[in-house]
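> Sequence:
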Amino acid sequence: MKNYRFLMTMFALAALILTSCNKKQAATVSSADADSTTVVAPTEKSQTDKLTTKKIAKSLKNDAGEFDLTIDFPEGGNATLVNAIREYISESLGSTYGGGEEDTKQGSYSGDLADGDKMADYYFDLKVKEFQAMYNEMKQDGMPEIPELASSTKITKDYETERVVTYLFNSYENGGGAHGGAVGSGMTFRKSDGRRVGWDLFSSGKMQTVLRDGLKEYFEVKTDEELASNLTLTETYLLPMPVTPPIFGKDGIIVTYQQYEIAPYAAGMPSFVIPYNKAKAMMNNTGKQLIN
Numbered sequence: 001m002k003n004y005r006f007l008m009t010m011f012a013l014a015a016l017i018l019t020s021c022n023k024k025q026a027a028t029v030s031s032a033d034a035d036s037t038t039v040v041a042p043t044e045k046s047q048t049d050k051l052t053t054k055k056i057a058k059s060l061k062n063d064a065g066e067f068d069l070t071i072d073f074p075e076g077g078n079a080t081l082v083n084a085i086r087e088y089i090s091e092s093l094g095s096t097y098g099g100g101e102e103d104t105k106q107g108s109y110s111g112d113l114a115d116g117d118k119m120a121d122y123y124f125d126l127k128v129k130e131f132q133a134m135y136n137e138m139k140q141d142g143m144p145e146i147p148e149l150a151s152s153t154k155i156t157k158d159y160e161t162e163r164v165v166t167y168l169f170n171s172y173e174n175g176g177g178a179h180g181g182a183v184g185s186g187m188t189f190r191k192s193d194g195r196r197v198g199w200d201l202f203s204s205g206k207m208q209t210v211l212r213d214g215l216k217e218y219f220e221v222k223t224d225e226e227l228a229s230n231l232t233l234t235e236t237y238l239l240p241m242p243v244t245p246p247i248f249g250k251d252g253i254i255v256t257y258q259q260y261e262i263a264p265y266a267a268g269m270p271s272f273v274i275p276y277n278k279a280k281a282m283m284n285n286t287g288k289q290l291i292n
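First residue of the sequence shown? That's 1 in this note's numbering, and the numbers climb one at a time after it.
These aren't lab readings, by the way, just hints derived from the structure by calculation. We put the CB at the ideal spot given by N, CA and C, even for glycine.
Below, computed lysine-lysine pairings styled on DSBU-like, alpha-carbon distance capped at 35 Å:
{"hint": "1", "residue 1": "K55", "residue 2": "K288"}
{"hint": "2", "residue 1": "K206", "residue 2": "K222"}
{"hint": "3", "residue 1": "K206", "residue 2": "K278"}
{"hint": "4", "residue 1": "K139", "residue 2": "K129"}
{"hint": "5", "residue 1": "K129", "residue 2": "K54"}
{"hint": "6", "residue 1": "K216", "residue 2": "K288"}
{"hint": "7", "residue 1": "K154", "residue 2": "K50"}
{"hint": "8", "residue 1": "K154", "residue 2": "K61"}
{"hint": "9", "residue 1": "K222", "residue 2": "K250"}
{"hint": "10", "residue 1": "K54", "residue 2": "K118"}
{"hint": "11", "residue 1": "K154", "residue 2": "K250"}
{"hint": "12", "residue 1": "K216", "residue 2": "K280"}
{"hint": "13", "residue 1": "K118", "residue 2": "K250"}
{"hint": "14", "residue 1": "K216", "residue 2": "K278"}
{"hint": "15", "residue 1": "K157", "residue 2": "K206"}
{"hint": "16", "residue 1": "K157", "residue 2": "K61"}
{"hint": "17", "residue 1": "K55", "residue 2": "K250"}
Computed spacing ranges between beta-carbons, pair by pair:
{"hint": "18", "residue 1": "E225", "residue 2": "G142", "range": "45 to 55 Å"}
{"hint": "19", "residue 1": "E235", "residue 2": "S203", "range": "12 to 22 Å"}
{"hint": "20", "residue 1": "Q208", "residue 2": "T52", "range": "35 to 45 Å"}
{"hint": "21", "residue 1": "A281", "residue 2": "Q140", "range": "52 to 62 Å"}
{"hint": "22", "residue 1": "E87", "residue 2": "Q208", "range": "27 to 37 Å"}
{"hint": "23", "residue 1": "K118", "residue 2": "A266", "range": "36 to 46 Å"}
{"hint": "24", "residue 1": "D49", "residue 2": "G142", "range": "52 to 62 Å"}
{"hint": "25", "residue 1": "D200", "residue 2": "H179", "range": "30 to 40 Å"}
{"hint": "26", "residue 1": "P264", "residue 2": "E137", "range": "26 to 36 Å"}
Can you make the complete structure from the sequences, with help from the hints?
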């Protein structure tokens, strides 16, 4: 059961695999109080450059389980931006649909990036084959009650201004363990050149207070000691920046930690929103230009 054990290990260690068991996970894609900085109204030129997409959806149910894949695939707009988002989609699908550790992060699709249907078919077929192999192994090993396997992934366009566009990546997989694993992530792109927005635009030192206050709100605690008791970190003096990059949303910067990243599974995905007027104070000039 090599494939089965591999996936179970990945679930337990990485938490890189649309919904958590904990109700707080909904904050991953939710909004904070509306005290954010008003984003610049689109100009006539930026309307012309608005990113256009087409929806690609695939679904299958067989003896191995249920499979769903939905993508808002970029079709028109700034050519550099469109290509950058297509690369992101392939890489994101590669991290969960790659079929093996050697394919994660970069993705293994080598066809035409402009052919969204072909890209979707490629990764979807990989996932079906992976889970079918797991199902066959469990059946061959005589497992008395084979669990219902499932894989559901959505990559959707969520937010756009004249300067940035945000994609959300939500994935849920159940490979037969006690519970499934989820990812609630995303990526914000600078529209002018497709640059992926990362935490390098923020002062890590200034972020410490914001991280601590945001996590206290998420866990509904008041003191540093209470916060530490909800985390699995050995040291909480300096909180780590999330693996998930900053996600630009309607009401501010969404901060999201993945399952197991800083807290146990029951904690879901610790998340909160930094209103834009507060985020600007912690960003360098490159970052500020994205929300001015």
